[in-house]
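Visitor: Chains as they are written, first to last, in my numbering: chain C, 34 to 422; chain L, 34 to 422; chain B, 855 to 1022; chain W, 855 to 1022.
Please note: incorrect hints may appear among the correct ones.
Derived PhoX-like pairs (lysine-lysine); straight-line CA-CA distance at most 20 Å [said to hold, decoys possible]:
no. : chain 1 : residue 1 : chain 2 : residue 2
1   : C       : 162       : C       : 411
2   : L       : 284       : W       : 939
3   : L       : 135       : W       : 870
4   : B       : 870       : C       : 135
5   : L       : 339       : L       : 166
Stretch-level coverage of chain L by chain C, calculated; a stretch enters the list once three of its residues show a Cβ under 8 Å from a Cβ in chain C [claimed, not checked]:
no. : segment
6   : 68 to 77
7   : 396 to 404
A few chain W residues facing chain C, derived, Cβ under 10 Å [stated by the list, open to error]:
no. : residue
8   : 861
9   : 862
10  : 863
11  : 867
12  : 868
13  : 912
14  : 959
15  : 965
16  : 967
17  : 968
Read the hints as simulated data drawn from the structure, not as lab findings. Note that the structure is predicted; figures quoted are calculated from it, not measured. Quick reminder that beta carbons are idealized off the backbone N, C-alpha and C, glycines included.
Residue strings, one per chain:
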Amino acid sequence: AVVLVQTAIGKTVQAAIPEGAFIHDDPTKKPGPLPSLLGSRSQFEKPVRLPSDTSSRTPLQDLYSTLTPADLHYERHHAGVPTINPEAYELYIHGLVEKSMKFTLADLKRFPAFSRICFLECSGNYRSKADGKITPQGIAGLTSQSEWTGVMLSTLFREVGVKPKATWFLAEGSDAAVMTRSIPVAKGWHDAMIAYAQNGEAIRPEQGYPARLFLPGWEGNTSVKWLRRLELSDAPFMTREETSKYTEPIKDGKIRQFSFDMDARSIITFPAYPVQLEKGWIEIRGIAWSGRGKISKVEVSTDAGKTWQVARLQEPVLDKAHTYFRHLWQWNGNETEIMSRALDETGYRQPTMSQLLAARGESTGGYHLNPITTWLVKQDGQVLNKPDR
Amino acid sequence: AVVLVQTAIGKTVQAAIPEGAFIHDDPTKKPGPLPSLLGSRSQFEKPVRLPSDTSSRTPLQDLYSTLTPADLHYERHHAGVPTINPEAYELYIHGLVEKSMKFTLADLKRFPAFSRICFLECSGNYRSKADGKITPQGIAGLTSQSEWTGVMLSTLFREVGVKPKATWFLAEGSDAAVMTRSIPVAKGWHDAMIAYAQNGEAIRPEQGYPARLFLPGWEGNTSVKWLRRLELSDAPFMTREETSKYTEPIKDGKIRQFSFDMDARSIITFPAYPVQLEKGWIEIRGIAWSGRGKISKVEVSTDAGKTWQVARLQEPVLDKAHTYFRHLWQWNGNETEIMSRALDETGYRQPTMSQLLAARGESTGGYHLNPITTWLVKQDGQVLNKPDR
Amino acid sequence: TIADTTHWPPTFGFGKLATTQELATLDIDIRPDGQGLPAGSGTVTAGKAIYASKCAACHGKTGVEGPNNRLVETAAERTENYKTKEKTIGNYWPYATTLFDYIRRAMPFNAPGSLTNDEVYALTAFLLHANNIIAPDAKINAQTLPQIIMPARQYFVTDDRKGGPEVR
Amino acid sequence: TIADTTHWPPTFGFGKLATTQELATLDIDIRPDGQGLPAGSGTVTAGKAIYASKCAACHGKTGVEGPNNRLVETAAERTENYKTKEKTIGNYWPYATTLFDYIRRAMPFNAPGSLTNDEVYALTAFLLHANNIIAPDAKINAQTLPQIIMPARQYFVTDDRKGGPEVR
Ligand code: HEC
Ligand code: HEC
Ligand SMILES: [Ca+2]
Ligand SMILES: [Ca+2]
Ligand SMILES: [Ca+2]
Ligand SMILES: [Ca+2]
Ligand SMILES: [Ca+2]
Ligand SMILES: [Ca+2]
Ligand SMILES: [Co+2]
Ligand SMILES: [Co+2]
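Full structure from sequences and hints, please.
Guide: What follows is the structure, encoded as structure tokens:
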């Protein structure tokens, strides 16, 4: 397989590696940089969030699986990202407790720790665009997934002695919004965490450094970041974020409050706008999740909803976690619509926008919208988001 | 709870937020930075790898769970990190195949994809220091864990038509070492991947950007990075890395070759040098892993090996993955030794260094050493690594 | 619960007792029943002046114009169903105490936590009046504020969904 | 295998056929049976000169001194058990073909891939002679190189561990 040639000066040169390979940037011809303190992305990869004044969205279409690199985790905050010195950090727990206490960050880390992989999602995670030129990041980029580590709130409840008549607690942040939400004590005992680590390392500033409340499966706003105080009480506090915000008009003139669970949802992240599709075999890919438990099934339709097939789920399927799904499809070049719908272990099946509006009324506001996302595949390979109504 | 005071100018000021809180850096008093394109670590957190000329080690003692942030993933390469343009990238598969083929990166991504969380470990992952002043990073920092995504090699084997008489294949990188290893074809069919993504995003340059071989549970060097070529053959190629390197002297004057599986191992990462320990309740924490399957149990001793207790394992326990263990211990301030040992599902139990040397002979070289790590806890709270013999 | 606490000690002994003074500093929340409200008071007139200098730039001259969140419902809107109009204090806030709590902790946006309690009472009075909820001469303090019944109170219901096939 | 391929098409049709020319360029490996060895040849004398100019700086004047990897076993060491001495080509390399393959692909470290095939043959001859494996006048080429029996060949055994309780 090695070809030999004679050069002018009579030497046998190694033609096995041809002229082209000797160019300056042939990586086999020059040792590269030595091991370093910290890595960085390839110069050829530049994934970024999509920022607005109040949030920044994860580039779902650029990710290959369910973990979100910490610097691409979505952001939503109400008065910017505070800078908190971990040496000065303290978490107070008081109110209906035996002992009002404060814990330094070092204290929190000394308690028995717990880790879990979980999604986080803003309950305002829905956008559309009339011309269909919107990416998965634009539509549903206010959800991300991390491995969270911290102390179970139940451990701290034990330590301070939560009184039996405590039914709610206030969680308060130390950002400039001094963010507050009321949370049922039952959630605190069940699976709430005070998280100080994300994907193996300290939580990032945008995610609540040095410590946050983390409520698996619940709307992101309730997982109060930069947590400074928990007050146990016998009633909710009716803060601005659980009255004026994060509530939604439903039927009969009512407004739904304390809608904590994130409903099951899925989105195809490939193929999606702005991908230019080629005919032939295509692996449809996306994520599905439910705040109420495990994803039991994801169904995919490649014929505008006429028939549905069961997609493959990436193992392990975890509780309240983004679950990657994949489905093989042979595209023959005809115009069609592709879509996915998630089913969770409670028996819930992700609805269409029409079903949602039929159930809740027309003016439902911007929260807790989890409709099936439909992608229109045009004959020329263009993929556009089909407006939901 | 709010105290009111009268100021000189007769106004009621909000004493609920005291003088101190009005200082410039009170995060509740000034909106912070707005949402951004990319996040970064808190200015107070500076985890780094520990680089040498040939490798860079993961700061195990700074991590809170089993995922390694990509920029802290250990590095080991033999001629630096090449820069590879993903547009120019091609993977060739040839030799004992029906069709010799080449695949661009885009081609690789079109095939059905697969993800899994797995550790990677250099088989030279062992260091000690006579004075015991060595961190988990120093002792065993050549292992890290990521979620890897790519195409199963079996999928590509199907596509090129691997011939039945192919028993080995050569994997070749495009770094300046043009790294080569011979791999049994059976591993290729079983669980080998061509990985192009790590923790959700494109693989980092130090981990083989844009694509690498990934062999779950096998010594890191076999998972050839910056992969450019696979040649199917009926015999191993006996490259320098599988003869002069990555082999180890054993008993009877023999040298063990093709020692692929990483033996089960564990290490306590807290408390560990240079931690200064305080009396009282301590959660002993660490990681355990096996290249041969799942960790079935981790045992911890806090009395120099006289008695052993079963540690809690963080769920889900995954195949060939770092498994976090935690164990509660009340330290009374007396000098003692703490240690952990991993058991895997084949029934293997992590040995002491004496057991290893008894089994392999005294001059075993630097590969595949997985002894129990012992930490000496001194009365003054100092924690030192106890030399292994 | 996720942790198996069977073999845990009754207390780990980490953390310290919080002092009353520390809690007084931090415990700034106001409950619907008025718990947490400080001494002091405010009038619509006083609030109008403070609003003009510290709030109008972002919420508009009359609380309607923006550029930031609309706070006030116009007289014309009052006859419509709340669903057809923009959210305001008049049509979407169930508790008056929330207004005091939120303004004190988070407004003005560029200088949160800078208002005196009297200023907050006055601004609360002004905004309640602007939304036609209290009289122009009402005086707002720890006793009167929790008594106010907000127009939107009647609409709020607690989510009772528990999963399952039904879309709600 | 992990993928369920039951419903897969026989081929996905991604990728292209590789041409013979492309493979000739990349296929630089040498097998123990000599497959892959190019035409050309080299002598100990020629190798000695090239070694002095291109290798000695890193591996030492006689291949013993370093600073980088020791390549040569001294006469004194030859009598000892291989375990007691530093690894060298003489005591730890099972195949002579590996030397050609490795030098050609990876050395000199600062300019890998820059040697001609004749230079690689010559360096291989020189290093084999320096380790007392071939005669000073031996000529190394595609026919002779695979014939050489390396002293360490006899020690190599394939790992046969499969897990289980025994420590080996
Ligand atoms: C620099 C701009 C700015 C100034 C000045 C300002 N605000 Fe605001 N205000 C905002 C923004 C932005 C929001 C929305 C914050 C959010 O949603 O987190 C807001 C929200 C509010 C809300 C809640 C509205 C809702 O729909 O829930 C009230 C009430 C409010 N402001 C009152 C005031 C008062 C009273 C003042 C003066 C003391 C004031 N604001 C000054 C920008 C401002
Ligand atoms: C600039 C320094 C440098 C130069 C010049 C150099 N080498 Fe090396 N050599 C190294 C290093 C470093 C290694 C180890 C590389 C590794 O382990 O990945 C090495 C390894 C080797 C090995 C393998 C040794 C073993 O133990 O496996 C051989 C054989 C070798 N070199 C031969 C040569 C020859 C022949 C030349 C001249 C053509 C040469 N080297 C020039 C630095 C150099
Ligand atoms: Ca709104
Ligand atoms: Ca060695
Ligand atoms: Ca309170
Ligand atoms: Ca404030
Ligand atoms: Ca070949
Ligand atoms: Ca080369
Ligand atoms: Co809600
Ligand atoms: Co090995």
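Visitor: Now tell me if each hint is right for this structure.
Guide: Verification of the hints:
For the proposed pair residue 162 (chain C) and residue 411 (chain C), the alpha carbon gap of about 17 Å is at most 20 Å, so the pair holds. Simply put, residue 284 (chain L) and residue 939 (chain W) have alpha-carbon atoms about 16 Å apart, close enough for the 20 Å limit, and the pair holds. Simply put, residue 135 (chain L) and residue 870 (chain W) have alpha-carbon atoms about 5 Å apart, close enough for the 20 Å limit, and the pair holds. The straight-line distance between the Cα atoms of residue 870 (chain B) and residue 135 (chain C) is roughly 5 Å, inside the 20 Å bound, and the hint therefore holds.
Restraint check: the Cα-Cα separation between residue 339 (chain L) and residue 166 (chain L) comes to about 24 Å, which exceeds 20 Å; the hinted pair is violated. For the segment 68 to 77 of chain L, the proposed coverage by chain C is satisfied: 10 residues have a C-beta within less than 8 Å of a C-beta in that chain, meeting the threshold of three. Requiring three or more residues with a Cβ within less than 8 Å of a Cβ of chain C, the coverage given for the segment 396 to 404 of chain L is violated, as only 0 such residues are present. Restraint check, residue 861 (chain W) versus chain C: the minimum CB separation of about 7 Å is within 10 Å; hint holds.
Against a cut-off of 10 Å between C-beta atoms, the interface hint on residue 862 (chain W) holds, since the closest Cβ of chain C lies about 7 Å away. Taken as an interface hint, residue 863 (chain W) checks out: its beta carbon lies about 6 Å from the nearest beta carbon of chain C, inside 10 Å. A hinted interface residue such as residue 867 (chain W) counts as satisfied when its beta carbon comes closer than 10 Å to some beta carbon of chain C; here the least separation is about 6 Å, so the hint holds. Taking 10 Å as the C-beta cut-off, the interface hint given for residue 868 (chain W) holds, the closest approach to chain C being about 8 Å.
About 12 Å separates the beta-carbon of residue 912 (chain W) from the nearest beta-carbon of chain C, more than 10 Å, and the hint is not met. At a threshold of 10 Å, the smallest CB-CB gap from residue 959 (chain W) to chain C is about 8 Å, leaving the interface hint in force. Evaluation of the residue 965 (chain W) hint against chain C yields a held restraint, the C-beta minimum of about 7 Å falling below 10 Å. Interface hint at residue 967 (chain W): satisfied, since its Cβ lies 5 Å from the closest Cβ of chain C, which is below the 10 Å cut-off.
Interface restraint check: residue 968 (chain W) against chain C, minimum CB-CB distance 7 Å, threshold 10 Å, status holds.
Hints 5, 7, 13 from the list above are not met by this structure, while the remaining hints are.
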